[in-house]
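Visitor: Line by line, the protein sequences are chains F and W. Heads up: take any position in the first sequence, counting from 1, add 328, and you land on this note's numbering. Heads up: take any position in the second sequence, counting from 1, add 328, and you land on this note's numbering.
Hint data in this document are derived by calculation from the structure and do not stem from the laboratory. Where hints are given, some of them may not hold.
Identical copies look the same in the list; a pair holds intra-copy or inter-copy alike.
Unchecked claim - Below, simulated DSS-like cross-link-like pairs (lysine-lysine); rule was C-alpha separation at most 27 angstroms, straight line:
| no. | residue 1 | residue 2 |
| --- | --- | --- |
| 1 | 462 | 355 |
| 2 | 478 | 350 |
| 3 | 350 | 462 |
There are 2 protein chains.
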Amino acid sequence: MFSTQPIGYVRSPYKDSHAIPKGLGAKHDAEGVLEIQAEFEPGLTDIEGFSHLFVIWEFDRSEGFSLLVEPPSDNRPHGMFATRSPRRPNPIGLTVVELLGREGHLLRVRGIDMLDGTPILDIKPYLSNVPQEKLRRGWLAEAEARAAAKP
Amino acid sequence: MFSTQPIGYVRSPYKDSHAIPKGLGAKHDAEGVLEIQAEFEPGLTDIEGFSHLFVIWEFDRSEGFSLLVEPPSDNRPHGMFATRSPRRPNPIGLTVVELLGREGHLLRVRGIDMLDGTPILDIKPYLSNVPQEKLRRGWLAEAEARAAAKP
């Protein structure tokens with residue numbers, strides 16, 4: 329295996345994990361900057377043609393892991409790999425962001441749900457969607473349906 | 329930062345990278361198995377409710393990185409972060425697979441584009457699509473258009 333290294337850091341309005349919108353219906357439209365290390369700037373060539381990016385990052389303020397977790401969007405436990413819990417064997421986070429613009433090694437993005445200072449491990453172009461009619465969303469869809477049915 | 333650890337391995341029909349479909353119009357409908365380590369099986373609870381998963385894995389047969397790469401789908405160079413090149417500062421791959429079924433710690437999936445034996449770092453549920461009308465695909469869309477325009 330390998331030791332991770334930061335290719336840059338997230339500049340985010342969120343200084344504390346309590347400030348990040350969570351749970352059912354949470355909207356992630358916060359804007360921020362992916363500050364890529366200057367030495368990697370040539371690796372960003374042509375990235376501005378893509379509307380959306382995958383950002384792979386480190387949960388650097390998380391320790392250890394739990395196999396079963398109760399996510400903020402449900403009051404029932406689920407397997408950690410069926411959730412976005414930060415407490416994972418490899419503390420890797422994944423976020424899809426909208427790319428608003430690039431200035432050199434700085435990527436302005438919308439859809440940040442990471443803390444300020446979060447180390448970035450990788451960036452990849454978002455190339456295609458799963459066909460909408462084939463997408464099933466498991467316990468999350470069930471939790472949404474239960475919440476909607478509440479009087 | 330942290331040292332990665334495998335949570336399992338990919339069982340894939342591809343024993344050699346030349347066998348993996350690449351380039352424009354490449355279809356990834358190969359079936360395979362994500363063999364998660366038995367100790368992590370409880371972490372898979374409820375995962376069968378999701379039709380699609382993100383698989384985060386290691387390019388374990390790749391060395392070093394190149395900032396500019398010529399991807400199989402185009403004959404022009406692009407920034408590595410605007411491609412899925414294996415030669416990245418952190419050798420992390422990301423694949424969306426369709427979950428066909430689970431037997432204990434084994435996930436049968438479609439859409440494999442990894443080599444047999446690839447170490448898996450993480451699995452996450454695929455929760456939502458980018459709105460189709462907002463998705464732009466940069467150099468890849470341009471390369472497709474050029475290929476389609478060829479006599």
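Visitor: All the hints need checking, so say for each whether the structure fits it.
Guide: Structure-based check of each hint:
1. 462 to 355: For residue 462 and residue 355, the Cα distance is within 27 angstroms both inside one copy (23 angstroms) and across copies (17 angstroms).
2. 478 to 350: Only inside one copy: residue 478 and residue 350 sit 19 angstroms apart there, 49 angstroms across copies, limit 27 angstroms.
3. 350 to 462: both (26 angstroms within a copy, 24 angstroms between copies)
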